[in-house]
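Novice: When you get a sec, could you build the whole thing from the sequences and use the hints?
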Amino acid sequence: MPPAQAEAVATELGSAAGLAIASASIVARDGVIGCWAHRGPDTFLTLVSLGHLPLQFSGSPWTTRVGTQVVTLLLCPPTHANAVALRAWLPFTAPQAVGLRKSIGCGDRLGLATPGHVRAVRQGQLFPIFAQQSIREMTRTGRTPMEVMDDATWGVFRAGWRGGFGADADHLKTTDDIDRCLEAGFVLYTIDPGDHVQDDADTAPPDALRARFEQLPWADLETTSQDVQRRYLDRPLEVGDIRLTLDEASLWRAAVKYGRAVAHTVRMVRHLAACWPADAPPWELEVSVDETASPTTPAEHYFVANELRRLGIRPVSLAPRFVGRFEKGVDYLGDLAEFEAQFRQHVAVAQALGPYKISLHSGSDKFSIYPIAARLAGELVHVKTAGTSYLEALRAVAQVEPPLFREILGFALARYPIDRQSYHVSAEPARVPDPDGLTDGDLGTVLDSFDGRQVLHVTFGSVLTARDEHGGYRFRDRLLAALREHEEAHYAALERHFLRHIAPFG
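Residues 1 to 506 in the numbering used here are what the sequence shown spells out, letter by letter.
Honestly, the hints are just simulated from the structure, not real lab data.
Each hint can be trusted.
Quick list of simulated restraints, FRET-style, between CB atoms:
#: 1; residue 1: THR203; residue 2: ARG484; range: 49 to 55 Å
#: 2; residue 1: PRO277; residue 2: PRO355; range: 24 to 30 Å
#: 3; residue 1: SER49; residue 2: ARG314; range: 44 to 50 Å
#: 4; residue 1: GLY142; residue 2: ASP199; range: 29 to 35 Å
#: 5; residue 1: ALA293; residue 2: THR445; range: 31 to 37 Å
#: 6; residue 1: MET1; residue 2: PRO217; range: 56 to 62 Å
#: 7; residue 1: ALA293; residue 2: ARG375; range: 27 to 33 Å
#: 8; residue 1: GLU338; residue 2: THR203; range: 15 to 21 Å
#: 9; residue 1: GLY471; residue 2: GLU222; range: 50 to 56 Å
#: 10; residue 1: GLY441; residue 2: ALA273; range: 51 to 57 Å
#: 11; residue 1: ALA8; residue 2: ASP335; range: 55 to 61 Å
#: 12; residue 1: ARG314; residue 2: ARG210; range: 30 to 36 Å
#: 13; residue 1: ASP335; residue 2: ASP440; range: 38 to 44 Å
Here the structure is a predicted model, which is why all the values come from computation and not from measurement.
Even glycine gets a Cβ: it sits at the ideal position worked out from N, Cα and C.
Specialist: Listed below in structure tokens is the structure:
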């Protein structure tokens, strides 16, 4: 429906029904108009028809007069059952495979960010993955895979996005993780075998490496130590115009470091393939070894990708652990020249053994490496970011509800020494201003500082699950209510920030 016509329909229907209708959401199909509407704090999928309404939706029916016609309306609350019905009725609200299109994963820990993400995505060339969440994030925010999927569906519908989107079940470590996300309808599965990566191989002496090499689970890897050495030793590894090499010690090191991770990835992928419904659309795979202590050398990347390929595993993207530091909430920390030299070789490996996309996974606001990635990877790049949406939501709260932001910041400063233990971070609370010493207008500057941004980032789970003395949420409900009431401030903050992630890629 053309925008001018949609605005007219929203105005006329909204006036007649006492609803505030998001004109971008209006869609007509099978003689029924669907739209996203507000009435006070309540939101609805609203269906309008001169005749029969779709039976698969549940809601409150009533009639009203629009102009000279009496129409039937069904106000459907945003429940899981109605989200399932919406995905069946309007396929653009269901996720799809992304393939090798350059893409961006837009994590949303609050379930309200998708319309803001849509605003930014419309202005770039990255295919969006609007449903992206790791099991760790879901555990810390008290959400389920089904809720993540449904929130993305409602956000896509509300924003009127028709361009398709992906759904990434991120950082899956167990087959149970896969099962939960499969039930929710995720399409991209990011296998994280990081718990099986042996980082200490980087510093182990050759004799110890040789012994550990011989003890690898060769049956699970469907090969032998002798065959592995024949595959890699005494021959160059050609990737485009780049020649990589593995001598005996570096091969042992690569195999010891990543062999068990490869075996675990194969187990996970074969479980996924065995459980995937025969009538479902195709699934996709990312392999992520980014959250480890030591960098993945280009030769180690070659070893991992080549062994996966030998075992029939074909990812659409792979996330190595790059040189430098990718800390939560802040920009890349490291030597950009060294990063570029290594990244060039990683791209060459991906082109030769895939092709698959290089996934820029760790960290949040890694802006300084984007020009390098865009120039060297071209289409074969996937950007992931998650916590930054939560931080920009807090920026909106600082603007519209300063007292609430002060409370959250004070709590985060006290909680940070505990929560930082599960992250590689370097922020110091002493360098964050006392929230009571800041004017309302200066509160947002905390989110422009390294330390403030990181302190708020790593405490997201504690903020969202903290309880008061009566057992209710201390911050969560007020935070979500403020963002719903001031959605324009929220979406504008997200749009501004995500354009910085999207614009470098065209």
